[in-house]
Structure formats: structure tokens, C-alpha cells
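Sequences are here, hints too, so could you generate the full structure?
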Amino acid sequence: MAPYKNLPRGTSVRAKKVVKQIFRPLERFLQMEAASGLVLLTVTAVALLWANSSLKDSYFALWEHKLGFSFGTWSFESDVRFWINDGLMTLFFFIVGLELRREFAQGDLSEFKRATLPLMAAMGGMLAPALIYFFFNRGLPSVHGWGIPMGTDTAFALGILAILGRRVPAAARILLLGLAVIDDVGGILVIAFFYSSGIQYSGLVLAFLAFILVLFMQNIGIRSRMSYLVPGVMMWIGIYYAGIHPTLTGVVLGFLTPARPGYSPEKILELTKPYRQELVSLSEENNPSTEAMMSLFLSLRDIYREGLSFVDQLIQKLHGTVAYIIMPLFALANAGVTLGGTDLSGEAQNVFLGVALGLVLGKPLGIFLACFLAIQLGLSKMPSGMGYRGIFQVGMVGGIGFTMALFIAQLAFPSGDTLEVIKQGVLSASLVAAVVSLMMGYLWAPKTQAETSDENI
Numbered sequence: 005m006a007p008y009k010n011l012p013r014g015t016s017v018r019a020k021k022v023v024k025q026i027f028r029p030l031e032r033f034l035q036m037e038a039a040s041g042l043v044l045l046t047v048t049a050v051a052l053l054w055a056n057s058s059l060k061d062s063y064f065a066l067w068e069h070k071l072g073f074s075f076g077t078w079s080f081e082s083d084v085r086f087w088i089n090d091g092l093m094t095l096f097f098f099i100v101g102l103e104l105r106r107e108f109a110q111g112d113l114s115e116f117k118r119a120t121l122p123l124m125a126a127m128g129g130m131l132a133p134a135l136i137y138f139f140f141n142r143g144l145p146s147v148h149g150w151g152i153p154m155g156t157d158t159a160f161a162l163g164i165l166a167i168l169g170r171r172v173p174a175a176a177r178i179l180l181l182g183l184a185v186i187d188d189v190g191g192i193l194v195i196a197f198f199y200s201s202g203i204q205y206s207g208l209v210l211a212f213l214a215f216i217l218v219l220f221m222q223n224i225g226i227r228s229r230m231s232y233l234v235p236g237v238m239m240w241i242g243i244y245y246a247g248i249h250p251t252l253t254g255v256v257l258g259f260l261t262p263a264r265p266g267y268s269p270e271k272i273l274e275l276t277k278p279y280r281q282e283l284v285s286l287s288e289e290n291n292p293s294t295e296a297m298m299s300l301f302l303s304l305r306d307i308y309r310e311g312l313s314f315v316d317q318l319i320q321k322l323h324g325t326v327a328y329i330i331m332p333l334f335a336l337a338n339a340g341v342t343l344g345g346t347d348l349s350g351e352a353q354n355v356f357l358g359v360a361l362g363l364v365l366g367k368p369l370g371i372f373l374a375c376f377l378a379i380q381l382g383l384s385k386m387p388s389g390m391g392y393r394g395i396f397q398v399g400m401v402g403g404i405g406f407t408m409a410l411f412i413a414q415l416a417f418p419s420g421d422t423l424e425v426i427k428q429g430v431l432s433a434s435l436v437a438a439v440v441s442l443m444m445g446y447l448w449a450p451k452t453q454a455e456t457s458d459e460n461i
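When we follow our numbering, the leftmost residue of the sequence shown carries the number 5, and every step to the right adds one.
There could be a bad hint or two in this list.
Distance condition first, Cα-Cα at most 30 Å in a straight line; then the derived DSBU-like pairs of lysine-lysine [stated by the list, open to error]:
# : residue 1 : residue 2
1 : Lys271    : Lys321
2 : Lys70     : Lys60
3 : Lys427    : Lys60
4 : Lys427    : Lys70
5 : Lys321    : Lys385
Rather than coming from a laboratory, the hints here were simulated on the basis of the structure.
Take a look at the structure:
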């Protein structure tokens with residue numbers, strides 16, 4: 005239920021309206037996410053059908069088409085899939101970083117014991133799949149791919165929880181966001197240290213300078229969103245040339261964004277009082293001037309905007325673009341895996357089992373056991389509204405590896421039959437994890453009428 009529907013008895017109507025205006029964007033965010041989950045799954049099905057139809061050549065040719073730009077003697081060119089996965093998806097991780105920033109500032113993760121739970125969950129969810137893969141491939145050349153089943157696909161996992169809606173508690177979504185981002189950071193570190201030729205420190209210097217520039221701009225009070233585009237691009241370029249996955253830029257910038265509103269609801273009521281009186285005076289005039297009305301509305305807009313934190317403003321501004329354009333493009337470009345025609349005997353069988361079981365068994369067991377241990381030892385607290393069933397469900401949906409798993413697979417095995425086997429293993433495990441997660445949601449926590457009631461102010 006929306007926070008503004010639970011205000012204390014006796015709260016003034018005007019105060020309720022102000023608080024409603026502040027929290028309404030959060031409601032729209034949740035509704036949009038549920039719809040985007042359906043769009044994401046639909047586009048994934050389209051990609052699979054396209055990649056396995058008579059038009060499959062056009063599918064792969066589209067994403068391998070080269071795009072780039074040049075400045076004088078300097079030029080940069082890469083395929084369309086790169087610009088989606090490494091470029092546009094940075095905005096998705098920026099949204100994730102913004103949400104976590106908000107939760108760490110004033111949500112459940114603002115408490116130390118609750119903040120440690122996603123960290124423990126992520127560590128367990130990375131370690132267990134890697135051990136399972138290692139068990140099946142020890143002594144074989146394919147053991148090099150131990151990092152493949154470690155990742156969780158945040159976009160698809162959130163899509164499953166969005167479909168379930170209020171059948172899963174809000175805390176489950178926050179826990180998944182936390183562990184998925186930590187998981188992604190862990191995956192990026194694994195890539196940097198085990199699946200790359202080494203970190204280029206010149207790139208890190210540029211990224212660090214951009215980091216300092218963002219902090220400086222915030223300290224001198226620069227509020228324009230577009231002003232931060234330049235240091236953001238600088239950081240992306242620096243991280244990319246450092247040999248680290250550049251989508252990490254989004255998470256870093258999200259965490260740097262201020263999460264406190266400029267004005268409280270009471271302050272807004274105080275500041276808008278003279279403008280409301282001016283509005284009454286203008287309404288009594290027969291023909292108020294356009295300039296006066298424009299000035300009044302702009303002043304009110306600026307004041308009300310300060311009732312939302314910079315984090316909430318950016319989420320409200322960008323979430324529609326990410327949900328309905330960037331994420332579907334990402335799914336369309338990456339979900340097209342050719343099925344069948346691959347030999348699964350011998351070493352290929354070990355690779356397939358290591359990847360598939362690492363995701364569908366290792367992820368939920370690792371996340372559950374790590375959370376259970378953290379709670380029992382008093383290192384963390386159980387999230388409000390959740391139980392161990394909910395934690396296991398988060399672990400199961402964490403078994404949807406897809407993006408990061410395929411990304412690491414292409415680094416570990418750039419080409420050949422092994423890569424195709426891994427793709428099938430990732431796809432099969434992710435599908436099983438998604439289906440089981442949906443079944444858990446509908447069987448364990450049926451939605452009640454009380455949860456969907458909508459009271460008006």
C-alpha cells in the first residue's frame with residue numbers, strides 16, 4: 005500500500021496532497037516495472053524464435069553490424085550488441101544503483117544488520133555455483149569456465165518478481181537488487197582478474213578523475229541533471245579502457261547521487277503559501293497575464309520538485325526509457341540462442357552439467373545457506389515481511405544467470421562447440437529457475453484481497 009495512504013489520523017488535507025505528490029512516482033515505478041517484466045519476457049521469446057527460424061542469419065547479422073565514430077585520426081568501432089550491452093545497459097545499472105542508494109539512505113538497507121544480508125547472499129550465490137562447476141570439470145581444460153555460473157541476470161530476475169507482484173514481499177525485491185548488484189560487481193572483478201589480460205591503470209586514472217569531478221560538482225551545488233553527463237561519459241570511457249566492464253559506471257554514479265529531498269512536506273507547505281495566495285488573486289482577475297501565470301507555475305514547480313530527492317527524480321525520469329526501450333533491446337540482442345545440433349557427450353556433458361546445475365541448484369542453495377548462516381549468527385536480521393521461504397525464492401530467481409553468464413562464457417571460450425554447449429546450459433537453467441520461481445510465488449504466497457485494496461484520500 006502506498007505510504008501516503010497510512011498517514012496519521014488528523015493529518016491535514018493539504019499535507020496529504022503534498023505527501024501524495026511525493027510518493028505517487030514510486031507507485032508508478034512499481035506499476036511500470038510489472039509491465040516491463042512482461043515486455044521483457046515477450047521479447048525474449050521473439051529472440052529465441054527468430055534465432056531458430058529460417059531468418060536466423062538476419063538475426064545474427066543485425067547484432068554483428070559495425071557502428072562507430074571518429075574524431076580526427078582517432079576512431080572507435082564495435083558491433084551493435086556492444087553498444088546495447090556495454091552502452092545502453094549502463095543506464096539500467098544506473099537505475100539499480102539509484103534504488104540501492106535510496107534503500108541504503110532511508111530504507112531497510114539503512115540498518116547495518118540488514119545491509120549485510122545482500123552481501124552474504126551474493127557471496128554464497130557466487131561461491132556455490134563456482135564449486136559445482138569446478139566439481140564437474142576438475143582436471144579438464146574446461147575448468148577454466150568456473151566463473152560462468154556465478155552471475156545473476158538482474159533484468160530477467162526482476163522481471164519474474166514483477167510478474168508475481170505483491171505475491172512476493174517488497175523486501176524480497178530489495179534483497180534481490182542488493183545481491184544482484186554485488187554479484188555483478190563480483191563478476192566484474194572475476195572478469196578483470198581471471199578473464200582479462202590485466203587492468204590498464206591509465207583508464208582507472210581517468211575514471212577516478214571523473215569520480216572526483218562528480219563529488220566536486222555536488223559540493224558546489226550543481227543540480228542540473230545534464231551537467232553530470234560529461235563526467236559520466238568520462239567515467240565510462242575510463243572504466244572501459246581500464247579493461248573493466250563499463251556498466252559498472254552506472255552503479256557507481258547511482259551510489260553517488262544524493263538520496264535526501266531538499267524540502268520536507270512541512271517546508272513545502274510553508275514555501276508555497278504565498279504562491280497559493282497569489283494564485284487566488286490571479287484567479288479573481290478577469291484576464292490575468294500569461295507572464296504572471298507562467299512565473300507562478302514555474303516557482304511552484306521548482307519548490308515541489310525539491311520535495312523529491314535527486315535519486316527519485318532521476319528514477320522517475322529514466323525508468324520508462326530503461327523499462328520499455330533499453331531492456332527489451334538488450335533481451336532481443338542476447339536471448340537468441342540456437343537450440344539443438346550440439347553434441348553433449350564427454351567433456352561437453354561436464355560443461356553443460358556444471359553450468360546448468362551451478363545456476364539452478366548452486367545459486368538458490370548458496371544464497372539460502374549464506375543468509376541462514378548470517379541470520380543465525382546474528383550478523384544480519386530477517387527482512388521485514390519475509391521468511392526463509394522468501395529467501396529461498398530469491399535464491400531460485402537468482403539462478404537466472406543469462407547476461408553475465410554468457411558474457412563470461414564468451415571470454416572463457418571465445419568460440420567453438422564448448423561455447424554453444426555453455427549457451428544451452430545457461431538458457432536451460434535460466435528457464436528452469438524462472439519457471440520454478442513463478443510456481444513458488446503462486447503456490448507459497450497467494451495474493452489476498454487486502455493487499456490490493458486501494459483506499460482514496
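Next on the checklist: Lys70 and Lys60 were given as a pair; does the straight-line alpha-carbon distance stay at or below 30 Å?
Outcome noted: Holds: Lys70 and Lys60 sit about 18 Å apart, inside 30 Å.
Item to check | Straight-line alpha-carbon gap Lys427 to Lys60, limit 30 Å | outcome: 16 Å, holds
Checklist entry - Taken at face value, is the distance from the CA of Lys70 to the CA of Lys427 at most 30 Å? => result With Cα atoms ~23 Å apart, Lys427 and Lys70 stay inside 30 Å; holds.
Next on the checklist: Check the hint pairing Lys271 with Lys321 against an upper bound of 30 Å on the C-alpha distance.
Outcome noted: Holds. Lys271 to Lys321 sits at ~24 Å (cutoff 30 Å).
Next on the checklist: Checking one constraint from the list: CA of Lys321 to CA of Lys385, max 30 Å. Satisfied?
Outcome noted: Distance ~33 Å between Lys321 and Lys385 Cα, so the pair is violated.
Hint 5 from the list above is the single one not met by this structure.
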